[in-house]
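Visitor: Start from chain A and add chain B according to the hints.
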Amino acid sequence: MNIFSSITYTLHAATQASIYYYPLIFLGIVAFVMLALGIRNIDRKVFAGITFAAVLISMIMILLDPYDEVVVGNNALLFNRFTMFFAVILIISVLYIIFPAIRGLKSKPEIFYATLLFVLIGMLVSAFSYNLIIIFVSFEAVSLGTYVLAGYGKQKRHLEASAKYFFTGTIGTAFTVFGLSFFYTATGTFSLTSEVISSSPAMLIALIFLLIGFGFKLAIFPMHQWAIDAYDGTENSVSAFLSTGTKILAFMILIKIFLVGFAGDYHDIFLLFVILSVFSMTYANLAALSQNNLKRLLAYSSVAQAGYLILVIALVGYTGIGNVAYVAIAAGMFYSLVYIFMKGGSFLAMNLVNRESVSVSDVAGLARKSPVTALSFAILLMGLAGIPFTGGFTAKYYLFLSLIEGNLWWLAVIAILNSAISVFYYFRVIMFMFWKEPTSEDHFNLTAYSKAPVIASAVIMVALFFFFYLLPTLNGMAPGLFATMGGI
Amino acid sequence: MDLFIVTSISMILFAIGLYGIMTSNIGIKMLISIEILINAAMLNLVAVAINFSSVDPLILALFVIAIAAAESVIGISLLTAIYRKYGKVSLSLLREIRW
Numbered sequence: 001m002n003i004f005s006s007i008t009y010t011l012h013a014a015t016q017a018s019i020y021y022y023p024l025i026f027l028g029i030v031a032f033v034m035l036a037l038g039i040r041n042i043d044r045k046v047f048a049g050i051t052f053a054a055v056l057i058s059m060i061m062i063l064l065d066p067y068d069e070v071v072v073g074n075n076a077l078l079f080n081r082f083t084m085f086f087a088v089i090l091i092i093s094v095l096y097i098i099f100p101a102i103r104g105l106k107s108k109p110e111i112f113y114a115t116l117l118f119v120l121i122g123m124l125v126s127a128f129s130y131n132l133i134i135i136f137v138s139f140e141a142v143s144l145g146t147y148v149l150a151g152y153g154k155q156k157r158h159l160e161a162s163a164k165y166f167f168t169g170t171i172g173t174a175f176t177v178f179g180l181s182f183f184y185t186a187t188g189t190f191s192l193t194s195e196v197i198s199s200s201p202a203m204l205i206a207l208i209f210l211l212i213g214f215g216f217k218l219a220i221f222p223m224h225q226w227a228i229d230a231y232d233g234t235e236n237s238v239s240a241f242l243s244t245g246t247k248i249l250a251f252m253i254l255i256k257i258f259l260v261g262f263a264g265d266y267h268d269i270f271l272l273f274v275i276l277s278v279f280s281m282t283y284a285n286l287a288a289l290s291q292n293n294l295k296r297l298l299a300y301s302s303v304a305q306a307g308y309l310i311l312v313i314a315l316v317g318y319t320g321i322g323n324v325a326y327v328a329i330a331a332g333m334f335y336s337l338v339y340i341f342m343k344g345g346s347f348l349a350m351n352l353v354n355r356e357s358v359s360v361s362d363v364a365g366l367a368r369k370s371p372v373t374a375l376s377f378a379i380l381l382m383g384l385a386g387i388p389f390t391g392g393f394t395a396k397y398y399l400f401l402s403l404i405e406g407n408l409w410w411l412a413v414i415a416i417l418n419s420a421i422s423v424f425y426y427f428r429v430i431m432f433m434f435w436k437e438p439t440s441e442d443h444f445n446l447t448a449y450s451k452a453p454v455i456a457s458a459v460i461m462v463a464l465f466f467f468f469y470l471l472p473t474l475n476g477m478a479p480g481l482f483a484t485m486g487g488i
Numbered sequence: 001m002d003l004f005i006v007t008s009i010s011m012i013l014f015a016i017g018l019y020g021i022m023t024s025n026i027g028i029k030m031l032i033s034i035e036i037l038i039n040a041a042m043l044n045l046v047a048v049a050i051n052f053s054s055v056d057p058l059i060l061a062l063f064v065i066a067i068a069a070a071e072s073v074i075g076i077s078l079l080t081a082i083y084r085k086y087g088k089v090s091l092s093l094l095r096e097i098r099w
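Read top to bottom, the protein sequences are chains A and B.
Per the working numbering, the very first residue in the first sequence carries number 1; after that it's consecutive.
Per the working numbering, the very first residue in the second sequence carries number 1; after that it's consecutive.
The reader is advised that the hints may include incorrect statements.
What the hints assert, rightly or not - Heads up, simulated DSS-like pairs for lysine-lysine below, C-alpha to C-alpha not over 30 Å straight-line: (1) A:K106 with A:K156; (2) A:K45 with A:K154; (3) B:K85 with A:K106; (4) A:K45 with A:K108; (5) A:K156 with B:K88; (6) A:K106 with A:K154; (7) A:K106 with A:K436; (8) A:K451 with B:K85; (9) A:K154 with A:K108; (10) A:K108 with A:K436; (11) A:K108 with B:K88; (12) A:K369 with A:K436; (13) A:K156 with A:K45; (14) B:K85 with A:K108; (15) A:K154 with A:K436; (16) B:K29 with A:K436; (17) A:K45 with B:K85; (18) A:K369 with A:K45; (19) B:K29 with B:K88; (20) B:K85 with B:K29; (21) A:K106 with A:K369; (22) B:K85 with A:K369; (23) A:K45 with A:K436; (24) A:K156 with A:K108; (25) A:K154 with B:K29; (26) A:K154 with B:K85; (27) A:K156 with B:K85; (28) A:K451 with A:K156; (29) A:K436 with A:K451; (30) A:K451 with A:K369; (31) A:K106 with A:K45.
As the list claims (entries may be wrong) - Under 10 Å between C-beta atoms, here's a sample of chain A residues computed to sit facing chain B: (32) L132; (33) E140; (34) S143; (35) T173; (36) A174; (37) F178; (38) T189; (39) I228; (40) A230.
These are calculated hints, taken from the structure and not from any lab test.
Glycine included, each C-beta is placed from N, C-alpha and C at the ideal position.
Excised from the complex, chain A in its bound form (with noise of 0.2 Å):
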């Protein structure tokens, strides 16, 4: 009787979610359609074309949706605004590199275009979700659907960086699986709730578990060496998309899971997550200083960003719920906003180069041959760095305003030092582009494809920048993530 209810009660709320599931469901179709359009010889652009607008259409859907505080089930959905910035967000991770990505397409594009999809529809119901089976569940549909992403040119080059990608992968998806059953041991329960008020061994384990789990897909400091590889491997379009959709979501992940699985054990996770932050931001930093490759450059950096990004955790975790961390993790959304145009365009930028690695002196010059690609390409790595008139900018200086408030004012120097060593290696790309001499004549790609995403993605670096009135609304949706929690 008790389960007979329960089952109604269920279909009854997601009977009246239903509204919500249209957008899920209308990318599926196209998915599918897609699938079985591929037995006629149809031409790449036009499967770039309907994954464009399928995109965007749900993209609309989800922007036109009511949200207000519809639960699913015992808080297996959660639909808020918190949630839809995030669905949103990642959309747009996804919507730019549609058309960048016809390049490097050589055969079967239905096939990397419906993948694309199926990525999509699980990275939106990890969004949506607060019950770890269906985090977990919508989480290996990303991963699974980004190997075959990374792999998909059958290069040697490809297959070395799916391949190291695909193994660490499974040994994260192995940790989290067991971290997963210490959570049940410990709460007794897979939704996302405040239920523990003090902290067990077995949480810890769990604690450390996930974290390892989802790390990996974040590529924090000593779980990151597989993604300065697979990014350097991969498509340029498809090493745009592993740094920025599958980074912003584990960070999400990591937010609802930390902030609200583990409510009762915040000082672990500002101790754990202060040290991890510290290591990513300087190690990279270092790193990077003396990389010649520009794509192994950048994908020190998006290690160093992901150490910015979980600052937002570890203040959370010192200040506890409250007026404080809901700026904090405001200032974290505005930051993955901005992450994913600054380092997403940086990413799609490679593709002006026509060589499979490009090195740092292989941009030499490119301001005398596209004056306008080498000032966008100028504006979005100064977005990394965080310097004015960016978006990057306002984004940094919001999360270190935070941790000022919430009395971490020695973290927030140490952000800023590194922020500071991180203005040596991007000026010096800057400097290659605008003052060295060309290498040789013939090895731009200065095509629309390739020039267009990196001029967009500058000038909303630059409308980003004058955001200000955005944060207001933030802080409102921020209270959001703890709606599960009763009220808090």
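Guide: This is chain B only, laid out in the frame that chain A set:
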């Protein structure tokens, strides 16, 4: 059975799997080691389910079985593609990406 004993056994299995991954360079061996890792975690899940007399961990275990199967499919197809390029499935051959 006591939860502690089963958890210890699954920990030992997990350690064996990790050892297998760290010491081997052959792709198939690594896939088998990963299966051991995931099965160790699943053993623990089943023990927790019996201990709590709850069905939730068993549901997760079913999903993990499906995901592990999908993972081995992708792994084996990846190793097949590597075999076509290199003639071996030894991962130490993968040396294209250098700095």
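Visitor: Does each hint fit the structure? Answer for all of them.
Guide: Hint by hint, here is what the structure shows:
1. A C-alpha spacing of about 15 Å is found between A:K106 and A:K156, which places the hinted pair at or below 30 Å, so the restraint holds.
2. For a cut-off of 30 Å, the pair hint linking A:K45 to A:K154 stands: about 21 Å separates their Cα positions.
3. Simply put, B:K85 and A:K106 have alpha-carbon atoms about 17 Å apart, close enough for the 30 Å limit, and the pair holds.
4. Between A:K45 and A:K108 the alpha-carbon distance is near 12 Å, which keeps this suggested pair within the 30 Å criterion.
5. A threshold of 30 Å between alpha carbons decides the hint, and for A:K156 with B:K88 the separation of about 13 Å falls inside it, so the pair holds.
6. Of the pairs offered as hints, the one joining A:K106 and A:K154 holds, with about 10 Å between alpha carbons and a cut-off of 30 Å not exceeded.
7. Proposed proximity of A:K106 and A:K436 is contradicted: the alpha carbons are some 34 Å apart, above 30 Å.
8. For the suggested pair A:K451 and B:K85, the alpha carbons sit about 33 Å apart, so the restraint of at most 30 Å is broken.
9. For a cut-off of 30 Å, the pair hint linking A:K154 to A:K108 stands: about 12 Å separates their Cα positions.
10. Restraint check: the Cα-Cα separation between A:K108 and A:K436 comes to about 40 Å, which exceeds 30 Å; the hinted pair is violated.
11. Under the criterion of a C-alpha separation no larger than 30 Å, the hint pairing A:K108 with B:K88 is consistent with the structure, at around 26 Å.
12. For the proposed pair A:K369 and A:K436, the alpha carbon gap of about 12 Å is at most 30 Å, so the pair holds.
13. The straight-line distance between the Cα atoms of A:K156 and A:K45 is roughly 26 Å, inside the 30 Å bound, and the hint therefore holds.
14. Restraint check: the Cα-Cα separation between B:K85 and A:K108 comes to about 19 Å, which is no more than 30 Å; the hinted pair holds.
15. Straight-line distance between C-alpha atoms of A:K154 and A:K436 comes to about 35 Å, which puts the hinted pair past the 30 Å bound.
16. Between B:K29 and A:K436 the CA atoms are separated by roughly 49 Å; this puts the pair beyond 30 Å, and the hint is violated.
17. Using a Cα cut-off of 30 Å, the hinted pair A:K45 and B:K85 holds, with the two alpha carbons roughly 29 Å apart.
18. As the CA atoms of A:K369 and A:K45 are separated by approximately 27 Å, the hinted pair is consistent with the 30 Å bound.
19. The suggested pairing of B:K29 with B:K88 holds, with an alpha-carbon distance near 13 Å, which does not exceed 30 Å.
20. Between B:K85 and B:K29, the direct Cα distance comes to roughly 19 Å. Compliance with the 30 Å bound is thereby established for this hinted pair.
21. With a C-alpha separation of about 28 Å, the suggested pair A:K106 and A:K369 falls inside the 30 Å cut-off, and the hint holds.
22. Using a Cα cut-off of 30 Å, the hinted pair B:K85 and A:K369 is violated, with the two alpha carbons roughly 37 Å apart.
23. Simply put, A:K45 and A:K436 have alpha-carbon atoms about 36 Å apart, too far for the 30 Å limit, and the pair is violated.
24. Distance hint between A:K156 and A:K108 is fulfilled; the C-alpha atoms sit about 18 Å from each other, no more than 30 Å.
25. A threshold of 30 Å between alpha carbons decides the hint, and for A:K154 with B:K29 the separation of about 22 Å falls inside it, so the pair holds.
26. The hinted pair formed by A:K154 and B:K85 meets the criterion: a straight-line CA distance of about 9 Å does not exceed 30 Å.
27. A hinted pair counts as satisfied when its Cα atoms are at most 30 Å apart, and A:K156 with B:K85 qualifies at roughly 7 Å.
28. Proposed proximity of A:K451 and A:K156 is supported: the alpha carbons are some 27 Å apart, at most 30 Å.
29. A hinted pair counts as satisfied when its Cα atoms are at most 30 Å apart, and A:K436 with A:K451 qualifies at roughly 21 Å.
30. For the hint pairing A:K451 with A:K369, the CA-to-CA distance comes to about 12 Å; that is within 30 Å, so the pair holds.
31. Our distance criterion of 30 Å between C-alpha atoms is met by A:K106 and A:K45, whose separation comes to about 12 Å.
32. At its closest, the beta carbon of A:L132 sits 8 Å from a beta carbon of chain B; the interface hint therefore holds under the 10 Å criterion.
33. Checking A:E140 against chain B by beta carbon gives a least distance of about 5 Å; that is within 10 Å, so the hint holds.
34. Interface restraint check: A:S143 against chain B, minimum CB-CB distance 8 Å, threshold 10 Å, status holds.
35. The restraint placing A:T173 at the interface with chain B holds, with a minimum CB-CB distance near 7 Å, inside the 10 Å limit.
36. Taking 10 Å as the C-beta contact cut-off toward chain B, the hint placing A:A174 at the interface holds, the least distance being around 4 Å.
37. Because the beta carbon of A:F178 sits about 4 Å from the nearest beta carbon in chain B, less than 10 Å, this interface hint is met.
38. At a threshold of 10 Å, the smallest CB-CB gap from A:T189 to chain B is about 7 Å, leaving the interface hint in force.
39. Hint on A:I228 holds. Least Cβ distance to chain B is approximately 8 Å, under the 10 Å limit.
40. For A:A230, the interface hint holds, since its Cβ comes within 10 Å of a Cβ in chain B; the closest pair sits about 9 Å apart.
Against the hints set out earlier in the document, violations occur for numbers 7, 8, 10, 15, 16, 22, 23.
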